[in-house]
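Undergrad: Full structure from sequences and hints, please.
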Amino acid sequence: MVVICTHNSRRSHMGQLWLQVGAAWYGLKGVRVWSGGTEATAFHPNAVAAARRFGFPVERVGEGDNPRYELRLPGMEPVVFFSKRFDDPVNPRRDFAAVMVCSDADEACPFVPGAAARFSLPFADPKEADGRPNQDEVYDARFAQIGTEMLFVMREAARLLREEGQSA
Numbered sequence: 038m039v040v041i042c043t044h045n046s047r048r049s050h051m052g053q054l055w056l057q058v059g060a061a062w063y064g065l066k067g068v069r070v071w072s073g074g075t076e077a078t079a080f081h082p083n084a085v086a087a088a089r090r091f092g093f094p095v096e097r098v099g100e101g102d103n104p105r106y107e108l109r110l111p112g113m114e115p116v117v118f119f120s121k122r123f124d125d126p127v128n129p130r131r132d133f134a135a136v137m138v139c140s141d142a143d144e145a146c147p148f149v150p151g152a153a154a155r156f157s158l159p160f161a162d163p164k165e166a167d168g169r170p171n172q173d174e175v176y177d178a179r180f181a182q183i184g185t186e187m188l189f190v191m192r193e194a195a196r197l198l199r200e201e202g203q204s205a
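Residue numbers for the sequence shown follow this note's numbering, beginning at 38 and rising by one.
If you're looking for bench data, these hints aren't it; they were derived computationally from the structure.
There may be inaccurate statements among the hints.
As the list claims (entries may be wrong) - With beta-carbon atoms standing in for the labels, derived distance ranges:
{"hint": "1", "residue 1": "Pro94", "residue 2": "Phe189", "range": "17 to 25 Å"}
{"hint": "2", "residue 1": "Gly64", "residue 2": "Pro94", "range": "34 to 42 Å"}
{"hint": "3", "residue 1": "Gly99", "residue 2": "Leu158", "range": "37 to 45 Å"}
{"hint": "4", "residue 1": "Gly168", "residue 2": "Asp102", "range": "31 to 39 Å"}
{"hint": "5", "residue 1": "Phe148", "residue 2": "Glu107", "range": "30 to 38 Å"}
In this text, a Cβ means the ideal position worked out from N, Cα and C, and glycines have one as well.
TA: Next comes the structure, spelled out in structure tokens:
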């Protein structure tokens, strides 16, 4: 799966994190999740902070304007985060599901090359709260909302695979 938003800075990383954690939690061993944008910026510090407030040990492992971050949890391969276009060479080139998490990217990419399936699941951008007194509250609410939806997706995928008699 590739989770796509405009800048690959907030919602797409939140979706990537939650989908990969959900896949691990529900035993979906073959699921790998990446993220990308219609342009590259950086994993926004407020989004990183929200993940940390939820207890995820997201660690900065790179330098520069667009550093890499990693999430390492027991029983999971490390999840790597950095801002990139959805068609960046680190992302899959074919046979992946594209998950559009913002309306701008949804409109800008009506066709995602190589995607076997495309899903639109837009969320409001928490950047509107940047620098405001309610910033953390807004980011935490969006992180929780995206988490709820992505965990539901992984739970249902696991359920459907079990019903079909396939191993997760």
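Undergrad: Against each hint, give a clear statement of whether it holds in the structure.
TA: Right, here's what the structure says about each hint:
Proline 94 and phenylalanine 189 have their C-beta atoms about 24 Å apart, which keeps the hinted 17 to 25 Å range intact. For the pair glycine 64 and proline 94, the beta carbons lie near 22 Å from each other, so the given range of 34 to 42 Å is not met. At roughly 29 Å, the beta-carbon separation of glycine 99 and leucine 158 lies outside the given 37 to 45 Å, and the hint is violated. Range check, glycine 168 to aspartate 102: about 19 Å between beta-carbon atoms, so the 31 to 39 Å window is missed.
The supplied range of 30 to 38 Å is met by phenylalanine 148 and glutamate 107, whose beta-carbon atoms lie about 32 Å from each other.
The earlier numbered hints that this structure contradicts are 2, 3 and 4.
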